[in-house]
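We have chain G; now place chain U onto it with these hints.
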Amino acid sequence: GQQVMQIPQYQHVQEGEDFTTYCNSSTTLSNIQWYKQRPGGHPVFLIQLVKSGEVKKQKRLTFQFGEAKKNSSLHITATQTTDVGTYFCAAGGATNKLIFGTGTLLAVQP
Amino acid sequence: DAGVTQSPTHLIKTRGQQVTLRCSPKSGHDTVSWYQQALGQGPQFIFQYYEEEERQRGNFPDRFSGHQFPNYSSELNVNALLLGDSALYLCASSLKAGAGETQYFGPGTRLLVL
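Protein chains in written order, with our numbering: chain G, 14 to 123; chain U, 15 to 128.
The shape of chain G in the complex, shown without the other chains (with noise of 0.2 Å):
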């Protein structure tokens, strides 16, 4: 069946830092959402990529759908101690079915 892996499993970083996290796919996508799930909460959704290509930013968050729709990015700049969580991807399909990826472990430093 589908797959979607995330790397780095887990990143520490220092306040002020960047940090990216990566989501790959086995197959080709018909969307990726990404969702943010605090330390003891549920996932929140963050945002949707459907076009091949896409970027959308929001504040200093930066999404990115690569060209063959099978892999998309989630780039963070100056983090800050709120953007601590768990950030996943994950795939919709054409019934929103969603495959979420494995997740990567942000912890940021003061």
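It should be emphasised that the hints constitute simulated quantities derived from the structure, not laboratory data. Ideal Cβ placement from N, Cα and C applies to all residues, glycine included. Worth double-checking, as some hints may not be accurate.
[Said to hold, decoys possible] Among the chain U residues that face chain G by a calculated CB cut under 7 Å, a handful are:
{"hint": "1", "residue": "56"}
{"hint": "2", "residue": "57"}
{"hint": "3", "residue": "70"}
{"hint": "4", "residue": "119"}
[As the list claims (entries may be wrong)] FRET-style restraints, in silico, Cβ to Cβ:
{"hint": "5", "chain 1": "G", "residue 1": "29", "chain 2": "U", "residue 2": "16", "range": "35 to 45 Å"}
{"hint": "6", "chain 1": "U", "residue 1": "22", "chain 2": "G", "residue 2": "28", "range": "34 to 44 Å"}
{"hint": "7", "chain 1": "G", "residue 1": "70", "chain 2": "U", "residue 2": "75", "range": "34 to 44 Å"}
{"hint": "8", "chain 1": "G", "residue 1": "29", "chain 2": "U", "residue 2": "27", "range": "43 to 53 Å"}
{"hint": "9", "chain 1": "G", "residue 1": "29", "chain 2": "U", "residue 2": "75", "range": "45 to 55 Å"}
{"hint": "10", "chain 1": "G", "residue 1": "69", "chain 2": "U", "residue 2": "69", "range": "21 to 31 Å"}
{"hint": "11", "chain 1": "G", "residue 1": "33", "chain 2": "U", "residue 2": "109", "range": "29 to 39 Å"}
{"hint": "12", "chain 1": "U", "residue 1": "65", "chain 2": "G", "residue 2": "20", "range": "34 to 44 Å"}
{"hint": "13", "chain 1": "G", "residue 1": "60", "chain 2": "U", "residue 2": "71", "range": "25 to 35 Å"}
{"hint": "14", "chain 1": "U", "residue 1": "36", "chain 2": "G", "residue 2": "53", "range": "18 to 28 Å"}
{"hint": "15", "chain 1": "G", "residue 1": "20", "chain 2": "U", "residue 2": "85", "range": "40 to 50 Å"}
{"hint": "16", "chain 1": "G", "residue 1": "58", "chain 2": "U", "residue 2": "65", "range": "18 to 28 Å"}
{"hint": "17", "chain 1": "U", "residue 1": "27", "chain 2": "G", "residue 2": "51", "range": "20 to 30 Å"}
Frame of chain G, contents of chain U only:
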């Protein structure tokens, strides 16, 4: 406007017991999906309900069953609980079951099976 709500928040059961978890979707949403999230892993799709029918199912045994009511709320039932069923159970609602619809997750029910 209430978001997705789930009950109970926490639950402790023993092996072999049965459990029922409940979900009320976000106002205006008609599709409910259930996910299981084991500790340290990403959520795994269990099934999706739309128009009171199971529309899609993930790779979960028949011990996992569900129901959707006319008001769009949903229940997840798990029979013959195993230790491995211990997890966070998440409900997500969306408008329609079509592709690309944003899914809103509830706070989850943390199930511990002893």
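A quick look at each hint next to the structure:
The beta carbon of residue 56(U) is positioned within 7 Å of a beta carbon in chain G (closest approach about 3 Å), and the interface hint is therefore held. Because the closest C-beta pair between residue 57(U) and chain G is about 5 Å apart, less than 7 Å, the hint holds. Because the beta carbon of residue 70(U) sits about 5 Å from the nearest beta carbon in chain G, less than 7 Å, this interface hint is met. For residue 119(U), the interface hint holds, the least distance from its beta-carbon to any beta-carbon of chain G being 5 Å, beneath 7 Å.
Look at residue 29(G) against residue 16(U): about 38 Å separates their beta carbons, and that is inside 35 to 45 Å. Taking the beta carbon of each, residue 22(U) and residue 28(G) are about 37 Å apart, inside 34 to 44 Å as hinted. At roughly 43 Å, the beta-carbon separation of residue 70(G) and residue 75(U) lies within the given 34 to 44 Å, and the hint holds. Evaluation of the 43 to 53 Å hint for residue 29(G) and residue 27(U) yields a pass: the beta carbon distance comes to about 45 Å.
Look at residue 29(G) against residue 75(U): about 48 Å separates their beta carbons, and that is inside 45 to 55 Å. Remark: the range hint 21 to 31 Å for residue 69(G) to residue 69(U) is upheld by a beta-carbon distance near 29 Å. For the pair residue 33(G) and residue 109(U), the beta carbons lie near 32 Å from each other, so the given range of 29 to 39 Å is met. The beta-carbon spacing between residue 65(U) and residue 20(G), approximately 39 Å, falls within the hinted interval of 34 to 44 Å.
The beta-carbon spacing between residue 60(G) and residue 71(U), approximately 27 Å, falls within the hinted interval of 25 to 35 Å. Separation of residue 36(U) from residue 53(G) is about 21 Å and conforms to the stated range, judged on CB atoms against 18 to 28 Å. As the Cβ distance of residue 20(G) to residue 85(U) is approximately 42 Å, the hint placing it in 40 to 50 Å holds. At roughly 23 Å, the beta-carbon separation of residue 58(G) and residue 65(U) lies within the given 18 to 28 Å, and the hint holds.
The hint said 20 to 30 Å for the Cβ distance between residue 27(U) and residue 51(G), and at roughly 26 Å that hint holds.
This entry satisfies every hint, going by the numbered hints stated previously.
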